[in-house]
Amino acid sequence: MAALAALLASLPAAVFLSLLFEGIDRKLHARMQGRIGPPVTQPFYDFAKLLNKESVFPSSSSKAIFASAPVIAAASSILAGAIPLASLVAGTSVVGDLILILYLLTMSSIMVMIGGSSSGNPYGAIGFSRKMVMLIGYEVPLLASILPLSLKSQHSFSYHGIVQSQVGMGTCFAFAYPSSAFAAAAFLACIPAAAGVVPFDVPEAKTEIVHGYLVEYGGPHLALARLAKDAASFALSFLALTLFFYHPPLFEGHASLGGLASAILCVAFAPAMMFLTVTVPRTVFARLKVGQAFKFCWSLPLTLSALSVVLSAAGF
Amino acid sequence: MRQEGSAVRIGARSRIKSPWLFHLNTGSCNGCDIEIVASLAPRYDAERLGCVLVGSPRHADVILVTGPVTRQMLPRVIRVYEQLPEPKSLVAVGTCAASGAPFIGSGVIEGPLDGIIPVDAYVLGCPPRPEAIVRGIVTAVRRRFS
Ligand code: SF4
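Those protein sequence lines, which keep their order, are chains A and B.
Numbering-wise (this note's numbering), the first sequence opens with residue 1 and increments by one.
Numbering-wise (this note's numbering), the second sequence opens with residue 317 and increments by one.
Be aware that one or more of the hints could be misleading.
Unchecked claim - Heads up, incomplete: computed chain B residues facing chain A, CB under 8 Å, no partners named: (1) ILE326; (2) ARG364; (3) GLU426; (4) ASP430.
What the hints assert, rightly or not - Coverage of chain A stretches by chain B, computed from C-beta distances (three or more under 8 Å per stretch; other residues unrestricted): (5) 32 to 39; (6) 200 to 214.
Hints are computed from structural coordinates only; laboratory data are not their basis.
Since this is a predicted model, take the numbers as computed values, not measurements.
Cβ atoms here follow ideal geometry from the backbone N, Cα and C, with glycine treated the same way.
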């Protein structure tokens with residue numbers, strides 16, 4: 001019951017944090033470009049504005065899919081952000097929930113793709129095919145980088161089990177073993193592609209294919225599709241922090257305060273993770289071509305994660 | 317003052333705070349277009365007011381029209397304007413869009429713009445300064461959305 005209550009409370013928290021993280025990201029991005037930038041609350045205004053706008057259905061679209069895809073996408077990526085929060089707060093471990101989280105993230109990408117391709121717009125179809133290529137590119141190294149963690153924590157695929165095994169070791173996975181250090185590097189290198197930010201935003205390149213799969217969306221549906229993306233980058237940076245950098249002396253210092261204190265600490269440090277993996281790449285690099293983006297995913301992150309799997313199988 | 321519900325107030329405030337721009341060139345010489353980009357670039361930074369340049373009219377709230385509306389562009393201007401979801405606002409950027417000058421009287425010009433679609437703010441200048449464009453956006457948004 002406590003776990004369910006924690007999950008229900010985490011859902012609005014995940015929505016709030018996703019929008020807040022987008023605001024922090026946009027502010028930092030602007031400061032790095034020498035601009036003043038929008039206020040941190042800007043995504044909340046954007047969200048409220050889009051919810052209050054008219055929604056338009058193109059006559060060539062298949063309306064049921066077009067309308068429901070962003071809802072499912074937003075729901076699944078908010079859930080992907082809320083499950084880790086809830087299991088940190090409640091301290092419950094569910095078998096295999098890490099797999100569920102990663103597949104919810106994939107689900108949200110697939111749903112916006114399907115929504116875009118059902119719009120009947122050719123740019124939506126191009127966005128679909130490009131997103132498919134990117135999915136194949138980053139999913140393999142992302143999933144492979146989880147394997148060493150599972151091997152090092154008694155073959156557990158439970159999110160909370162992996163976090164707790166770092167407490168047991170007294171250090172975080174990024175510094176514990178060579179294999180998990182490589183896995184951390186692979187996971188971090190996959191985040192920009194998985195969050196779909198600038199060097200890897202080929203599926204929704206504004207200046208090339210007018211927002212790709214988002215082209216026909218407007219109003220509340222666009223708000224949900226954007227929220228899905230924000231929640232995915234929140235979930236990814238939160239996962240990166242807690243799976244690889246959950247340093248017990250830092251995050252587990254007040255055991256008497258329970259899970260809530262360490263969850264709050266993790267939320268407070270997660271923007272640093274997002275700055276490193278979302279803001280810096282999108283400020284520093286220009287957009288890649290779809291082939292280059294795919295090549296990157298299957299060279300650096302895939303090599304790192306393959307190396308980490310081999311090392312962990314060999315016992316390092 | 318009319319007593320409004322808080323949902324309406326939040327809606328109006330968020331619309332004023334987040335005007336997304338769509339840029340439509342209707343035969344402009346490109347001078348105004350460069351100044352629109354300059355108003356979004358670091359020096360004038362329209363994003364601090366929430367303005368984002370979007371690529372699809374479906375995402376936009378404010379449409380920035382440059383140029384004197386050539387005959388070829390007339391049906392397209394109307395079509396793009398109709399593609400914006402309600403509520404929407406329109407800014408005529410540059411003397412060409414505002415009055416048609418110096419092309420007024422030409423046989424290939426259908427402008428000025430306000431004879432075709434409703435204009436909320438005019439930004440004069442050839443080309444206008446970026447701060448004038450930012451002011452035009454703010455004026456149009458205040459007039460239409462509050
Ligand atoms: S107003 Fe001047 S700068 Fe702008 S489109 Fe017309 S001629 Fe060009």
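Tested hints:
{"no.": "1", "hint": "ILE326", "result": "holds, 6 Å"}
{"no.": "2", "hint": "ARG364", "result": "holds, 4 Å"}
{"no.": "3", "hint": "GLU426", "result": "violated, 26 Å"}
{"no.": "4", "hint": "ASP430", "result": "violated, 23 Å"}
{"no.": "5", "hint": "32 to 39", "result": "holds (count 7)"}
{"no.": "6", "hint": "200 to 214", "result": "holds (count 5)"}
Of the hints listed earlier, those the structure fails to meet are numbers 3, 4, in rising order.
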